[in-house]
Amino acid sequence: MIGTRGAPVDVLVVGAGPAGLSSAVAAADRGKQVLVLDLGLRAGGQIWRHRDEAALPRVARQWLQRVRAAGVTIASSARVLDALSPDELVVDFGGRIDRQRTRALILATGAKERLLPFPGWTLPGVVGIGGLQALIKSGLTLNGSRVVIAGTGPLLFPVAAAAVAAGADLVRVAEQVPLRTAAAFAMGLLAKPSAIRQAIGYRWAFRNTAYRTDSWVTAAEGDGRVRRVLLRDRGRSTAIDCDWLAASCGLCPNTELAELLGCAIDGDAIRVDTSQATTVAGVWAAGECTGVKGDIAALAEGEIAGRAAAGDAPGSRRSSLQRRRESGREFARRLAIDFAPRTELLHLAGADTIICRCEDVRRGDIDPRWTQRQAKLWTRIGMGECQGAVCGPACAALFGWQANVPRPPLGAPLCGDWAGALVDEDVSGER
Amino acid sequence: MSRTPDVIVIGAGMVGTMTALGLAEAGARVTLIEGEFPGGGSTGAAMGHIVVMDDSPEQLALCAHSRDRWHQLAASLPASGEHDRCGTLWIAADDAEFAAGRQRIASYAAHGVDAELVDQRGLYQLEPHLRPGLAGGLLVPGDAVCYPPAIARALTERAASQNVTIKLRTHVDSLTPHGVRLSEGGTMAAGGVVVAAGVASPRLVPGLPIVPRKGHLVISDRRPGLVRHQLVELGYLHSAHTFGAASVAFNLQPRRTGQVLIGSSRELVGFDQEINHALLGAMLARATGFLPALHQVRVLRSWFGFRPATADKLPLIGPWPALGNVWIAAGHEGLGITLATGTADIIVAGILGTTPPVNPEPFRPDRPMPAMARAA
Ligand SMILES: Cc1cc2nc3c(=O)[nH]c(=O)nc-3n(C[C@H](O)[C@H](O)[C@H](O)COP(=O)(O)OP(=O)(O)OC[C@H]3O[C@@H](n4cnc5c(N)ncnc54)[C@H](O)[C@@H]3O)c2cc1C
Ligand SMILES: Cc1cc2nc3c(=O)[nH]c(=O)nc-3n(C[C@H](O)[C@H](O)[C@H](O)COP(=O)(O)OP(=O)(O)OC[C@H]3O[C@@H](n4cnc5c(N)ncnc54)[C@H](O)[C@@H]3O)c2cc1C
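Residue numbers (the working numbering), protein chains in the order written: chain A, 1 to 431; chain B, 1001 to 1376.
Among the clues, some could well be false.
Derived SDA-like pairs: lysine to any residue, alpha-carbon spacing no greater than 20 Å straight-line [to be verified]:
1) B:Lys1313 - B:Ala1135
2) A:Lys192 - A:Pro368
3) A:Lys192 - A:Gly71
4) A:Lys192 - A:Ile296
5) B:Lys1313 - B:Lys1167
6) B:Lys1167 - A:Ser327
7) B:Lys1313 - B:Ala1064
8) B:Lys1313 - B:Asp1054
9) B:Lys1167 - A:Arg373
10) B:Lys1167 - A:Pro368
11) B:Lys1167 - A:Thr371
12) A:Lys192 - A:Leu321
Honestly, the hints are just simulated from the structure, not real lab data.
Please model the complete structure; the sequences and the hints are all you need to start from.
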């Protein structure tokens, strides 16, 4: 069923995080043949992709079990390179590139980190917060290394806890928003005792580390590797020695594949209706790629998308699923507002600070009055290997630019492989 | 025209920026109007190959002169212009193509363009990664490659320093008897107007025989040294010259960045905004067929642009008699980067009443044109 230009699957899900898995189960429960593609070695997405399944939270283990029981096929290390149409994708199945046909498509492509540039952010040892989490999940041990985590929002908590569990000497956790914002957000969670309990558990895990609000990185220093981080901390400048700095400022939906398919984007997220349908017929989207909202709401969206893609009539607006969806979207709106980067973070880069790592474009090379496309064509910003995945969210925050328009192929495949998948078998390749 | 002509140039692509700068350097008062930003039109999608083509004697003459002018310009370009005299190596797949290459040497020589025949052994010494079994090639060492949008930017900045008035994000709605009307409202008067609006020129000058000819390109990651010359198949002549049908040809360019730029395709599909996957596949298959090492090169992005094409494959350069004081500098199809310098020279000579360096007659915009472009 996988690839080989053969018969289509009923439902193809891109992304094996919570949204992708729950949509797969929902569709499979309705008798559909479901294939899930994911870049990772293991299913679970950013949050549940542990080396050791036993170490996962119970809800995650339950979902992985349900996926297996439902007969869903998961293709790991599989990357979508291109969309020929909503019902035919070009996929790199771990080195074998092929076309994959489907009757319905669900995008559950998650989110990426927003890295805001500051002097020294490209030093080795400086990573994103999600990046640090991923490193730990893939086995990095921190054995007494001094770690500083600086960023914003609820994501700080699980990563801080994970760093301690991985042996880090966690010296500081810095939250950029003021205490009153963080406190008001926490109050808003009171209606969700499980979230509060989880947060307390995480805080307990890093109880020996100061968690400071109104605190952000202004620079990283070091000779060949980060050795010291400069912070603005409640109005004062401080310096902390460290071996690792995890710094980022929130998440941005991954919309490249949706854009290739022609789906409308609202702000930075894929536009969906109440059944998670995108603006392109036959394509649904669920989870962070439709707005960053966390795993619980992503599960609800996935289930709605899976049912819709399997042909269920849209459920009642009052159903508990819809209520969970709505509260998830409300949560996403609050996250986006409460934890938006403060203006100081948009002015940290000096003329010399690199904005685009791939092409070595510095802040001083850029006039914020240009459009994204103008800056790209004039300075090569965003033209490199990552095609603006890293500098795009930063430039959107710093200059108000649109993201780089994605073009195939996604993910830089080998030329020969991609070409092979594009050529129709009945076309000889001759002119 | 009056002694200090004042001229509006519409369009800051390679052609318009070069023309505005040339006019200013010749003493004209110039305003350059651009709807978006310099280099954002076809110029920003082009391969940037500065190449002498010889489909016709007229084309060869203009190419040869234009390339000489690029050579003069090169030293003053910023590094971001990525000007690199890497030369063109025309690949002969078989003996017939090799013979055709031999014939071109004489016509090149007549225009002072150096070219040398390369036998099979020489070919693989120059480009070891080409597939085995090719017959040979034709090396044109004076050809170059560049990064067009950065050059359009640099020329605009230089023009500004020569007192050219630059109006960016200013769209011309239409021509008036004495100048232009702007889309945002208002008019601007001038003694002369040069339309260098590329594929959009017919919107300003109805009846101008230019149609968009779409072309796809693909850029790789950095593989310094994989190829050293711009490589083009001599068989390219067939594919570039059947006007109607979609076609692909092997056309590979080493970039200063160490990347390779893979071309190219040609189609007449209007301003269609979709990637043509099947054509792209055929284009890449053709490229990997000539250079199997490309199989192992990662590709970052594909895109397309629109060549401003005419049915007789010559640009439109000169006055447009139906409208007084309107000059056309457009319709260069796949050679607008190369021909921008020579085009500017012809326009400058025309407007200032001096002797043009190349006979402008074959490029008169109102010459009789084969039917195809008009129909499209
Ligand atoms: C010599 C050379 C080398 C290059 N090297 C590289 C390189 O190394 N890496 C690289 O990435 N690129 C490279 N470029 C390519 C550059 O990205 C392209 O030339 C160019 O800007 C055209 O690209 P594009 O159409 O894909 O994207 P863009 O230039 O970004 O244009 C996207 C277009 O889509 C339009 N658009 C956006 N949204 C919509 C919508 N919803 N509906 C309709 N239209 C929409 C925009 O208005 C815009 O016109 C190179 C170019 C040249 C000339
Ligand atoms: C895929 C591809 C590869 C190519 N490779 C090569 C190559 O290797 N070598 C080569 O020599 N040529 C190449 N070309 C051809 C070359 O790109 C064009 O011939 C050339 O860029 C045309 O330049 P131009 O200045 O006439 O047009 P453009 O660059 O399109 O400039 C026209 C400008 O006018 C502006 N404009 C239009 N209408 C208005 C208005 N009403 N008001 C204000 N401004 C307006 C536009 O915004 C634009 O900036 C290639 C083209 C393509 C598509």
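Evaluated hints:
no.	hint	verdict
1	B:Lys1313 - B:Ala1135	violated, 29 Å
2	A:Lys192 - A:Pro368	violated, 42 Å
3	A:Lys192 - A:Gly71	violated, 33 Å
4	A:Lys192 - A:Ile296	holds, 11 Å
5	B:Lys1313 - B:Lys1167	violated, 31 Å
6	B:Lys1167 - A:Ser327	violated, 49 Å
7	B:Lys1313 - B:Ala1064	holds, 16 Å
8	B:Lys1313 - B:Asp1054	holds, 11 Å
9	B:Lys1167 - A:Arg373	holds, 18 Å
10	B:Lys1167 - A:Pro368	holds, 18 Å
11	B:Lys1167 - A:Thr371	holds, 16 Å
12	A:Lys192 - A:Leu321	holds, 16 Å
When each numbered hint is compared with the structure, violations occur for hints 1, 2, 3, 5 and 6.
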